[in-house]
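Undergrad: So for the sequence shown, this note's numbering puts the first residue at 1; every next one is plus one.
Because the hints were derived from the structure by calculation, they are not lab data.
None of these values were measured; they are calculated from a predicted model.
Idealized CB from N, CA, C, for every residue including glycine.
Be careful, since some hints might not be right.
Said to hold, decoys possible - Derived CB-CB ranges, DEER-like:
{"hint": "1", "residue 1": "D21", "residue 2": "A104", "range": "30 to 40 Å"}
{"hint": "2", "residue 1": "R127", "residue 2": "P22", "range": "25 to 35 Å"}
{"hint": "3", "residue 1": "E69", "residue 2": "R102", "range": "34 to 44 Å"}
{"hint": "4", "residue 1": "E69", "residue 2": "A104", "range": "29 to 39 Å"}
{"hint": "5", "residue 1": "L68", "residue 2": "L129", "range": "30 to 40 Å"}
{"hint": "6", "residue 1": "S81", "residue 2": "D53", "range": "17 to 27 Å"}
{"hint": "7", "residue 1": "R91", "residue 2": "G47", "range": "17 to 27 Å"}
{"hint": "8", "residue 1": "S67", "residue 2": "A108", "range": "29 to 39 Å"}
{"hint": "9", "residue 1": "S81", "residue 2": "Q54", "range": "13 to 23 Å"}
{"hint": "10", "residue 1": "W111", "residue 2": "S77", "range": "32 to 42 Å"}
{"hint": "11", "residue 1": "G65", "residue 2": "W111", "range": "16 to 26 Å"}
{"hint": "12", "residue 1": "L129", "residue 2": "L49", "range": "16 to 26 Å"}
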Amino acid sequence: MTNEFLAFAPISAAADAQILDPATELLDEMMARVGVDGLAAAFADPGLLALLDQHAAAVRDALEGASLELSAKNLASYVKSVVFSARRMGRDVPAAGQAPTRCADWMAADWHLLRLVAVCMIADEWRLL
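Build the full structure now, drawing on both the sequences and the hints.
TA: Take a look at the structure:
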């Protein structure tokens with residue numbers, strides 16, 4: 001298609017969709033990868049919810065300690081650092097739909113998965129998604 005036809009190109013339905021900034025897109029991706037399953041399990045298990053709350057407090061403390069406000073951009077940066085650290089240790093983040101679903105599996109999950117679910121919990125609580 002040449003430039004003279006761009007003005008007449010059909011506009012897809014996707015063009016009407018809200019355009020997300022990269023930080024929000026990353027948080028949304030983490031919600032799909034670990035947040036939905038992790039939070040669903042946590043809401044069914046008070047012990048897991050308490051564990052995630054401790055991870056969320058650590059995330060908030062880390063941001064506050066770096067004099068950063070709680071925002072999508074700063075949470076996304078935190079997510080990137082957690083994912084990078086996990087990969088250096090030979091761990092990976094599950095694809096969407098591949099995260100554990102049972103509470104017992106989440107209680108035994110690596111710290112990086114719990115930390116990422118905690119970030120999702122904060123992002124949801126603060127309506128950053």
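Undergrad: With reference to the structure, classify each hint as holding or not holding.
TA: Here is how each hint holds up against the structure:
{"no.": "1", "hint": "D21 <-> A104: 30 to 40 Å", "result": "holds, 36 Å"}
{"no.": "2", "hint": "R127 <-> P22: 25 to 35 Å", "result": "violated, 18 Å"}
{"no.": "3", "hint": "E69 <-> R102: 34 to 44 Å", "result": "holds, 35 Å"}
{"no.": "4", "hint": "E69 <-> A104: 29 to 39 Å", "result": "holds, 36 Å"}
{"no.": "5", "hint": "L68 <-> L129: 30 to 40 Å", "result": "violated, 19 Å"}
{"no.": "6", "hint": "S81 <-> D53: 17 to 27 Å", "result": "holds, 21 Å"}
{"no.": "7", "hint": "R91 <-> G47: 17 to 27 Å", "result": "holds, 23 Å"}
{"no.": "8", "hint": "S67 <-> A108: 29 to 39 Å", "result": "holds, 35 Å"}
{"no.": "9", "hint": "S81 <-> Q54: 13 to 23 Å", "result": "holds, 19 Å"}
{"no.": "10", "hint": "W111 <-> S77: 32 to 42 Å", "result": "violated, 18 Å"}
{"no.": "11", "hint": "G65 <-> W111: 16 to 26 Å", "result": "holds, 18 Å"}
{"no.": "12", "hint": "L129 <-> L49: 16 to 26 Å", "result": "holds, 19 Å"}
The structure fails to meet hints 2, 5 and 10 from the earlier list, while all remaining hints are met.
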